[in-house]
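Chains as they are written, first to last, in the working numbering: chain A, 47 to 163; chain B, 47 to 163; chain C, 47 to 163; chain D, 47 to 163.
If you are wondering where the hints come from, they were derived from the structure by calculation, not from laboratory data. A couple of the hints might just be wrong.
No copy is singled out in the list; a pair is fine if it fits within one copy or between any two copies.
Stated by the list, open to error - In the DSS-like style, the derived pairs of lysine-lysine whose C-alpha atoms are separated by at most 27 Å in a straight line are: (1) LYS157 to LYS68; (2) LYS68 to LYS56; (3) LYS146 to LYS158; (4) LYS139 to LYS56.
There are 4 protein chains.
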Amino acid sequence: MQDRFAAITKEVLQFRDARDWKQFHDPKNLSEAICVEAAELLEKFLWKTREEGQSPSDAELNGIREEVADVMIFLICLCDVLGIDLLDAAQAKLKLNEAKYPQDRARGTSKKYTELS
Amino acid sequence: MQDRFAAITKEVLQFRDARDWKQFHDPKNLSEAICVEAAELLEKFLWKTREEGQSPSDAELNGIREEVADVMIFLICLCDVLGIDLLDAAQAKLKLNEAKYPQDRARGTSKKYTELS
Amino acid sequence: MQDRFAAITKEVLQFRDARDWKQFHDPKNLSEAICVEAAELLEKFLWKTREEGQSPSDAELNGIREEVADVMIFLICLCDVLGIDLLDAAQAKLKLNEAKYPQDRARGTSKKYTELS
Amino acid sequence: MQDRFAAITKEVLQFRDARDWKQFHDPKNLSEAICVEAAELLEKFLWKTREEGQSPSDAELNGIREEVADVMIFLICLCDVLGIDLLDAAQAKLKLNEAKYPQDRARGTSKKYTELS
Chain A
47 MQDRFAAITK EVLQFRDARD WKQFHDPKNL SEAICVEAAE LLEKFLWKTR
97 EEGQSPSDAE LNGIREEVAD VMIFLICLCD VLGIDLLDAA QAKLKLNEAK
147 YPQDRARGTS KKYTELS
Chain B
47 MQDRFAAITK EVLQFRDARD WKQFHDPKNL SEAICVEAAE LLEKFLWKTR
97 EEGQSPSDAE LNGIREEVAD VMIFLICLCD VLGIDLLDAA QAKLKLNEAK
147 YPQDRARGTS KKYTELS
Chain C
47 MQDRFAAITK EVLQFRDARD WKQFHDPKNL SEAICVEAAE LLEKFLWKTR
97 EEGQSPSDAE LNGIREEVAD VMIFLICLCD VLGIDLLDAA QAKLKLNEAK
147 YPQDRARGTS KKYTELS
Chain D
47 MQDRFAAITK EVLQFRDARD WKQFHDPKNL SEAICVEAAE LLEKFLWKTR
97 EEGQSPSDAE LNGIREEVAD VMIFLICLCD VLGIDLLDAA QAKLKLNEAK
147 YPQDRARGTS KKYTELS
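Okay, chain A solo, but in the shape it has when bound (with noise of 0.2 Å):
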């Protein structure tokens, strides 16, 4: 059984590769398409109180769901051409995390690690 992120990594590439689009791809305009997607999924949810972006539509969770889809895709490429393991990174973050955010430390509450008491 293949792996599910190796799976869908190998789509994207494809799909990108089908459509000569790598010439395209470089990481900076990569970057600049996740900032862009990842704003267009912020637009679900401006003008919206706390409570109504945790209670969407059937129509707005599909809207929401396409956006986070396509920073996923661009995160996808932008590891892709610059050799970046998306998982590994994922982890090894988390364990950074584990130093900034210690449990005692960090525990109910939101403040940046470098405000922690």
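Here the structure of chain A is known, so what remains is to put chains B, C and D in place on it, guided by the hints.
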């Protein structure tokens, strides 16, 4: 053998829950977080040329990897609270994009689908 | 008496030119900079409730003021290199918005113009 | 003769109040809006080279002008609800930047102040 994406998802959620942070993780705030992290990623390429972005130093690549990871971690958190399967969403979006960007008309151009001839 | 906006614009451009920075200020990079600064502004409100955002401490307000200023400074730089009059542009856009958001249909709703009934 | 910036500020706030929109304009939501508009501005340059960004067509320049205006309009709204004088803030930030980026060390380099030698 456990699926890699399922494994990292589990680690992210354990990290969150060990700090009792789910209370801050409503979709509106998580989308803001994704936007903030995406912009920190973009900042790694700010003022650089396309070429400079393509050949980061080891130190720069480490910084990029951390920002990519932050975006991914918050994507996982957002998908958790909204009940979205991130990989399924990416796959479904690729299908949509197949229709919006037919290979014969999209090949070799960076035009938006609304401008394809 | 000199116009205040003309005066600050002149100061921003003098600051830039005294450092020979115009060479980095192409529109693509400046738009990235505006995005990065806008996200730093947003970060000031991240994880906060609407109410918390409405009553920042003096220290928080200082931080917000600096980020607002950074967005403004780069807007001025972008308009300079593209030959855009920022205040004229804002005025022209208000006129467009008058048509997109007629008072009788837009009053008291945060809906996008494409969704106004 | 009225100050130009004061005049456009007045128009923006009248536009807002004629639609009873101040109720949606808390600082957190306005910062999101600035981020969303900044990303729409960035999208105008996405996939383009630096050179292409420097020579937009008339139609492209119109689009850029509208996005620049949107960022400016929401900046004005945010400053209004927080009691910030936008032009004073920009001037004060320039002063701070003078100290962070001394002319002799910052000239001709795009390095961040934390990396200036």
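Numbers of the earlier hints that this structure fails to satisfy, in rising order: Hints that this structure does not satisfy do not exist here, as all of them hold.
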